[in-house]
Structure formats: structure tokens, C-alpha cells
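**Q** Here is how the chains run, residue by residue.
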Amino acid sequence: MRNPQLNDAGELTHLLSTDGLPREVITQILDTASSFLEISTRDVKKVPLLRGKSVFNLFFENSTRTRTTFEIAAKRLSADVINLDVSRSSTAKGETLLDTIDNLVAMHADMFVVRHASSGAPYLIAEHLQRVGRDDVHVVNAGDGRHAHPTQGLLDMFTIRHYKQDFSQLTVAIVGDILHSRVARSDLHALAALGTGEVRAVGPQTLLPSALDKMGVRVCHDLATGLRDADVIIMLRLQNERMNGALLPSAREYFHCYGLTPAMLALAKPDAIVMHPGPMNRGVEIDSEVADGPQAVILPQVTFGIAVRMAVMSILAGN
Amino acid sequence: MRNPQLNDAGELTHLLSTDGLPREVITQILDTASSFLEISTRDVKKVPLLRGKSVFNLFFENSTRTRTTFEIAAKRLSADVINLDVSRSSTAKGETLLDTIDNLVAMHADMFVVRHASSGAPYLIAEHLQRVGRDDVHVVNAGDGRHAHPTQGLLDMFTIRHYKQDFSQLTVAIVGDILHSRVARSDLHALAALGTGEVRAVGPQTLLPSALDKMGVRVCHDLATGLRDADVIIMLRLQNERMNGALLPSAREYFHCYGLTPAMLALAKPDAIVMHPGPMNRGVEIDSEVADGPQAVILPQVTFGIAVRMAVMSILAGN
Amino acid sequence: MRNPQLNDAGELTHLLSTDGLPREVITQILDTASSFLEISTRDVKKVPLLRGKSVFNLFFENSTRTRTTFEIAAKRLSADVINLDVSRSSTAKGETLLDTIDNLVAMHADMFVVRHASSGAPYLIAEHLQRVGRDDVHVVNAGDGRHAHPTQGLLDMFTIRHYKQDFSQLTVAIVGDILHSRVARSDLHALAALGTGEVRAVGPQTLLPSALDKMGVRVCHDLATGLRDADVIIMLRLQNERMNGALLPSAREYFHCYGLTPAMLALAKPDAIVMHPGPMNRGVEIDSEVADGPQAVILPQVTFGIAVRMAVMSILAGN
Numbered sequence: 001m002r003n004p005q006l007n008d009a010g011e012l013t014h015l016l017s018t019d020g021l022p023r024e025v026i027t028q029i030l031d032t033a034s035s036f037l038e039i040s041t042r043d044v045k046k047v048p049l050l051r052g053k054s055v056f057n058l059f060f061e062n063s064t065r066t067r068t069t070f071e072i073a074a075k076r077l078s079a080d081v082i083n084l085d086v087s088r089s090s091t092a093k094g095e096t097l098l099d100t101i102d103n104l105v106a107m108h109a110d111m112f113v114v115r116h117a118s119s120g121a122p123y124l125i126a127e128h129l130q131r132v133g134r135d136d137v138h139v140v141n142a143g144d145g146r147h148a149h150p151t152q153g154l155l156d157m158f159t160i161r162h163y164k165q166d167f168s169q170l171t172v173a174i175v176g177d178i179l180h181s182r183v184a185r186s187d188l189h190a191l192a193a194l195g196t197g198e199v200r201a202v203g204p205q206t207l208l209p210s211a212l213d214k215m216g217v218r219v220c221h222d223l224a225t226g227l228r229d230a231d232v233i234i235m236l237r238l239q240n241e242r243m244n245g246a247l248l249p250s251a252r253e254y255f256h257c258y259g260l261t262p263a264m265l266a267l268a269k270p271d272a273i274v275m276h277p278g279p280m281n282r283g284v285e286i287d288s289e290v291a292d293g294p295q296a297v298i299l300p301q302v303t304f305g306i307a308v309r310m311a312v313m314s315i316l317a318g319n
Numbered sequence: 001m002r003n004p005q006l007n008d009a010g011e012l013t014h015l016l017s018t019d020g021l022p023r024e025v026i027t028q029i030l031d032t033a034s035s036f037l038e039i040s041t042r043d044v045k046k047v048p049l050l051r052g053k054s055v056f057n058l059f060f061e062n063s064t065r066t067r068t069t070f071e072i073a074a075k076r077l078s079a080d081v082i083n084l085d086v087s088r089s090s091t092a093k094g095e096t097l098l099d100t101i102d103n104l105v106a107m108h109a110d111m112f113v114v115r116h117a118s119s120g121a122p123y124l125i126a127e128h129l130q131r132v133g134r135d136d137v138h139v140v141n142a143g144d145g146r147h148a149h150p151t152q153g154l155l156d157m158f159t160i161r162h163y164k165q166d167f168s169q170l171t172v173a174i175v176g177d178i179l180h181s182r183v184a185r186s187d188l189h190a191l192a193a194l195g196t197g198e199v200r201a202v203g204p205q206t207l208l209p210s211a212l213d214k215m216g217v218r219v220c221h222d223l224a225t226g227l228r229d230a231d232v233i234i235m236l237r238l239q240n241e242r243m244n245g246a247l248l249p250s251a252r253e254y255f256h257c258y259g260l261t262p263a264m265l266a267l268a269k270p271d272a273i274v275m276h277p278g279p280m281n282r283g284v285e286i287d288s289e290v291a292d293g294p295q296a297v298i299l300p301q302v303t304f305g306i307a308v309r310m311a312v313m314s315i316l317a318g319n
Numbered sequence: 001m002r003n004p005q006l007n008d009a010g011e012l013t014h015l016l017s018t019d020g021l022p023r024e025v026i027t028q029i030l031d032t033a034s035s036f037l038e039i040s041t042r043d044v045k046k047v048p049l050l051r052g053k054s055v056f057n058l059f060f061e062n063s064t065r066t067r068t069t070f071e072i073a074a075k076r077l078s079a080d081v082i083n084l085d086v087s088r089s090s091t092a093k094g095e096t097l098l099d100t101i102d103n104l105v106a107m108h109a110d111m112f113v114v115r116h117a118s119s120g121a122p123y124l125i126a127e128h129l130q131r132v133g134r135d136d137v138h139v140v141n142a143g144d145g146r147h148a149h150p151t152q153g154l155l156d157m158f159t160i161r162h163y164k165q166d167f168s169q170l171t172v173a174i175v176g177d178i179l180h181s182r183v184a185r186s187d188l189h190a191l192a193a194l195g196t197g198e199v200r201a202v203g204p205q206t207l208l209p210s211a212l213d214k215m216g217v218r219v220c221h222d223l224a225t226g227l228r229d230a231d232v233i234i235m236l237r238l239q240n241e242r243m244n245g246a247l248l249p250s251a252r253e254y255f256h257c258y259g260l261t262p263a264m265l266a267l268a269k270p271d272a273i274v275m276h277p278g279p280m281n282r283g284v285e286i287d288s289e290v291a292d293g294p295q296a297v298i299l300p301q302v303t304f305g306i307a308v309r310m311a312v313m314s315i316l317a318g319n
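So the sequence lines, in the order shown, correspond to chains G, U and L.
Counting in our numbering, the first sequence runs from 1 upward without gaps.
Counting in our numbering, the second sequence runs from 1 upward without gaps.
Counting in our numbering, the third sequence runs from 1 upward without gaps.
Please keep in mind that the hints were generated in silico from the structure rather than gathered at the bench.
Heads up, some of the hints might be wrong.
To be verified - Partial list, computed: chain L residues near chain G (C-beta under 8 Å): (1) ASP85; (2) HIS108; (3) LEU299; (4) ILE315.
The beta carbon of each residue, even a glycine, is placed where N, CA and C say it ideally should be.
In isolation and in its complexed conformation, chain G is listed as follows:
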């Protein structure tokens, strides 16, 4: 079966997942993002690459922050951005998802940025576009269920490459609720594609998926073991709904076992970087002293995220 993200020439036509994304495509995105990083520091932060293109933000699940990053990226590329409040739209009136897509394509949409609570929704849209022969319309997955959040995965890779260069020499620890995290899943696939030296998944048994060892990931239930001599630490957000449930005793207990404190951070390499996809729960998964400390690169991640999203959009629009 053809990789649904690539066209016949092997070029990126949708961004759905970091799973199955060839290393060269990832590298192309990161290289393009490097060139965009400078634009956001200019006095006039705009390039005309998507001028006259219509980008639709289809957020079936609410996320002001992620929507904002895509909106900024698209506007800096000079696109026309249309935000659809999908929860109040025709889809709510019983229209099917694909009828909605067909309608927007008929309005000459060029790109859909899709966030959906159901895993696979962006795939469904991409497959439909292929079926109706519209290779000129592109889908970017902005997070689907527990499945994937590829632009977050790519901006994480951009961040690691920015600070650490050679992936093959690195030890990367991902800490927290990996089971429910589309960010972790996207990071794991991208880290594998880029040939990362050692990848560790750190968390309580109840929050780790079972197939990790088959992916070549080292599983650690103990935070100290997981962090020792790490070059990169990726902390995950603990969703509020997990904190008082069957999976976890309490937020305080979680912080005690898996919270990143200065003492714990000291176990990693002295020049280790600390990442977090945001928004942070200070005092739950991360101590404020670490979050605001010199090793944290959490705000640079946000800056890189705009450049990575501009890169993805401009590559899609160019193909």
C-alpha cells in the first residue's frame, strides 16, 4: 500500500504521522524550518509563499494554543486563514465529516489543519481526497485522539537537533503518561527514524504501553534510572483527568515519584536539555525551578514550532 503521506514521487503530500515518515522527509522539514526561523525575527514577519491560498483550521476538538500556532504560521506565509468552529457547524447538524470536506474543497480550500478526538480522522480525510482525485488539497494532522501529533514530534526533533546535533550519540528520556500521549508516540517514531542512540520510556506501569520494548525503547519504572546520563529529557503533561482515577493515586504522589526536580535533573548529563510540549502543570510533572531554569528549552520549543509548521505548510503547498 502506498504511504498515504507521500505522492508517487515520494514527496510529502499530507502530514499525518511521524510513523512511516522517511528520514529524508523529516530532514527536509527540519532544514526548511531552519530557514524560516529567521523570518519570525524580522521587522516584517511575512513571506508570500502561501499568498492567495485558503487554509482551513478544522478543530473538532478545542485547542486554542495549537490552533493559534497554525494560524500564526499560515498568516506569516501570507495565507488566508479560516477558522471553523466545527462544534457549531453543519457537522453538528448531522452532515457527515466527508460531506463537510467535499463542501470546503468545492470552495477551493488548499489545506486542512485537522484536530480530532478520534484517532485516524485526518487519515480518513486524506484517503477521501485521494479517492476523489484531489492531490492539490493537503491535510495536516494537528492531533488525533491518542494517535499522533506529528508537528509536535517534528518540533521536538528540531529542538533536539538545534541543541545536540548528532542523534546517534544521544540518550533521550521521555517521562510520564506515554500510554495516552500522542506527543510521545510521535516523538518515538521520529527518534527511531533519526537513529537515536538510546530512547527510554519512564513512568509507572499503568501509564506505559506494552509494546515499547518491541520498538527498541528501554522501559524504566524508576525515574532516577531513567534520567541517569540522559542528554535530552522530554516531560509529558499529566492530563488532569488521570490524576484522581484508577491509574494514579494522586497528583502529589505522582510528583513525588515522577516529578522533575533539580535533584532528579542532576542525575542527567550536566548539559542535558529539558523539554515539555506545554501547557505545564507546575508542581505535578515538573518543578518550577526546573521549568524556569537554564536547562529548560520549553519556550524555544514554541518558537521552533512556528518555524516547523511554516515549513510543513510551505512544503505541502509547493508539492
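Using the hints, position chains U and L against chain G.
**A** Positioned in the frame of chain G, the structure of chains U and L alone reads:
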């Protein structure tokens, strides 16, 4: 009384209804829309006709889809578009509709796109603007109560003209809940103005208005009779709230009597086109096989709708 | 302590309050606004002064009208405007206000327009930006709690100067619920800075703050006394929530004592102007005959408000 849609020179100054719209004005809009059709297929889908103009979307009744079509049309004309969430605005704080309008005019609004649950609200605004001497500010009715939805009526005419050319030779069947449909009302007036050969209204007695025969419309309570040898079939959306009420036994029963199936469609001319204003209730008023079949022009309607709205806005801004 | 609104060169770097704003800065804003007034009457109502800048509307408290005025002002300066629905954003997920700000700064925000129910929130943001060394990011207070609404205060000054010129010769009466009004507070500070001849606060004891006399304001509990020979009358909106509470017997009673009727207006100078920040409660604080009469300058206030906001934004972006 002066036609409230036209200025003293007989030019379009507001678009409020297809009722009373002279044939030449309708033709001017359709001809202008033809020229815009090409813009949406360009690489850079923009023309500077409304650059620096402020278009306000005033949707007192929520409709993401219709608002989106106007937003796209305005942005492709390079206008600044401001979406007002009117349900949360000063009007909700007890300010009158006309105070809101006066305020927006004081901010140098150029155009209001108005959707309102009350029939006549866009007229009220247009009359007020005339009273205060602001001929340079224009109103487009985007649907008012059960009264009118003139851009939908005009895009339907554009669609018919596109596929069928000469209206005088055509038989057009409008099927469904005509009584509550502002789309049907706008179509009926426009079809009359363009000298359509035969217009049929098809539906159960409870969903047809009483004055149809006085408008020269042929009333059919039987779908087969209504469709026989028709050139154009316009299916109407059955509002959910009608389905279990006093007017209709059930959605299943409705589909049995008035749903457009392949067998029913076969009664029309072999080259008949099938239209629907969307969003469709598949399996209620239309069978999916017809909706997705070769005679359906439902998605082209959407494409034409952008061009027609661009035409209306550019004509208004030019006058 | 350094004035948090000015940089070391004494130039405006944030607009937080009219309190402490030097007279020359106020005059600079009003003079700049005069030059912008003409732009909104042009055919193409746009200047490229903020092209490529990202302006974020952060409305923690809903206000469609005020947000719209800032959105129009920013778009006429060619900025990219991003509206954040903050009530649905990460802040709602427990992220702190300053984490949200840090994130948006990392996305290369240039300006924040902030409305917040808590007095001081815009100050907090401005202080934070100074602490992290980001003098290139600017805050405009669009209303914080009962504290300040400086762009409204400045547009009121613009209006008075437009119609009356020399402040030192004027008697200005502010009528209504001064205790809870950030507009009144911003007007009082600006009127003082501009050396207004006589300022009167008119209202029932329960709706006037206690420290007015220390500010040199003459307190009048009787409307007739308050209006006599006034040049300028600023009516305040009576918030609905005040009308049936402990502070006021009823809206009807209030109108009887403090509503501006034609008879009351006749006590002021014959060329007195009547102002109101909107939205008006007709028949509560102001009679429709006055609101729509020749002495009302309520709609010009709205027009001037766009020019004043363009002036503030362009001065901030230039510094």
C-alpha cells in the same frame, strides 16, 4: 415606493431578496460571477477589488457554513473581514439592533452580511442606512427567517444557467418543505424573473404555502408527477425539527414519499440535474446514490456560490 | 519607581492607564490620532505601519464591541490580528497567565491587547515583559476590572478637544455610576492631566467613590446642579446588575433622578456636547431624544476611538 435594493440610478445598493430584483440586475450578477469563477482556480486566488474595505459578518443566527462562504468571498476580494459573535455582543446586553449598526457605521464599516432569525431584519438595517443618508454602506441578506436567502437563490440560478442555458425552455421542480424554506422562496422569485418555462412545487400539503398557484407555480403533491420530464430538480433540506412534529409522520415516511431515489430520478429527463442547498440529510430527502451520482451538481453549486457572493460584494462596493 | 508605561527615554512602551500619563504623551497620542482620522475615510482604509506584526487580542472578559474596535484598528494598520478565546484556552486548563504570555512571546507576538476582570492584570503582564527583558513587546490595557480603560479615556479627550479645544476653560460633568466605572476613572485622570477648568462628578452617594474631592473634583448629588453651565456631559452606562440591588432602588427611579432628558440638558451651556461610552441603556441613563439629538457626539466618539487606537498601536510599535 422606491425599491429598497436599488439606488436612484437603478443600480444594486443592497441585496435583500430576489423578490423585485429586475432581470437585468440578476443577469449582471450572474455575468460578473462568471468572470470570478476563474479567480478561485488561480494559484493566487485574490483580486484587490475590496482592498481596505471592512466587511462585517453579523450572524444573529448561527451558520458556520454560510458565514464561511461569505468570509472566503470577501477575503478573495482582499477585504478586511470582521466576524461578530453577535449572540455574545452588546445587542445581548440590551443595545438595540440599530444602535449596533450605527456604531459599526461609525467605525467606517463598508458592508454588512446579515443573517437573522427574524424576517425583515436586513430590510430594517437597509432602511435605517437610507434614513441616515449612508448610501455608501451596503447590506447583504444572508438569510432572514423564512423570508429570503437571495445569494442562495442567485447561485441556484447560476447553476441552472451553467448547465441548461435558456430558462424559457426549462421545467424546474422544487421538492420538499417549501413552506418553511427561504431558499425555495428566493428560487421561485428568481425563476419567475428569468422567465422559466414551468416551475413545479412538490411536497405534502402541510409543507406547501397556499399562494403558489397565484405565482404561476404548478403544485404537485405526488413526487412522480412532479419529477416527470423535469430538467432541473431542486431538493430542499428537511429541517430536523419538522420530522417528528404535527406536519410530518416521520423521516422514514417522508423518504418513502418524497425522497429522491434513482428510480424517482429516472422519471425526469435523462440529462436532468439534481441540486440541493446543503447540508444534506442523506436518506431523508435524498438517497446517497443520487447525491453522489453523475446528475448531482451539489458541489458545483458550492463553487458557484463563492463566485456569486464575490460578484454581489464587488457590484455593491462599486456602486 | 519607573513609570511602567514609559521606557528610559520617556517614550510610551505600554498603555496601561491614563493615571501617570504625562500631558505630552497624551497630546502626542491625540495629535497622531488626528492624522489617522483621515485614513478611515479613504477608499482603501489601510496603511502598512504594522505590516507583519502580530497583535494578540487577549480578552479574558468578553467584550465583542471593544475587541472589534481594536481588531479594526490593527487591521487598518495592516497587522496580523489573532483573537484568542481565552476562556476556552490553556489558561482554563490551569496554565498560569504568565506562562500563556511567555508562550505567545515565544511565538513572536508584538503586542497584547488585554481585557481582564481583575484590576492590574495588564500591569502584571507589562512588569513580566520588563523582567524577562522584552521591551519590544507591548501591552495595551483594553479594560481591567474597575481600574482603567485608557483608550476610552483618550478617545473621550480626543472628542472634547475636537469640539471644545481649550481644556482650561471647560466645565466637564461626569454623570452616573462613577464608583464602578473604569471609564470614569480614566477620564478623571486624563482631564486632570490636560488641566481641565472644572470637573464635576454627579450621582447618588452610593455610586460615587469617596476620594473625589482630594482629586479636585466637585461632587454633586443633584443632577441639575451638576449640569448647570457645563460644556461637556459624559453620561456613564448603568450596569444592569446595579439596577435592582442594594445600591439603587430601580431603573425607573434612577432615570427620574439622573437620566439625561432634554429639560435637564437645557441647564447646560447651549453648545454643550453629550458623550456616552456605549452601549447605551435608553430610558435608563439617557433619554432617546437626547441620545439622538444634535448635541450628542456619541457616534463621533466611536469614529475617534478607531483613530485613537490606531495612534496608540502605531506609537507603541514605533518605539
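**Q** Evaluate each hint against the coordinates.
**A** Outcome of the hint check:
Given the 8 Å rule on beta carbons, the hint for L/ASP85 holds: about 6 Å separates it from the nearest Cβ of chain G. Interface restraint check: L/HIS108 against chain G, minimum CB-CB distance 4 Å, threshold 8 Å, status holds. Taking 8 Å as the C-beta contact cut-off toward chain G, the hint placing L/LEU299 at the interface is violated, the least distance being around 31 Å. Hint status for L/ILE315: violated, given a least beta-carbon distance of 16 Å to chain G, over 8 Å.
In this structure, the hints that do not hold are numbers 3 and 4, in rising order.
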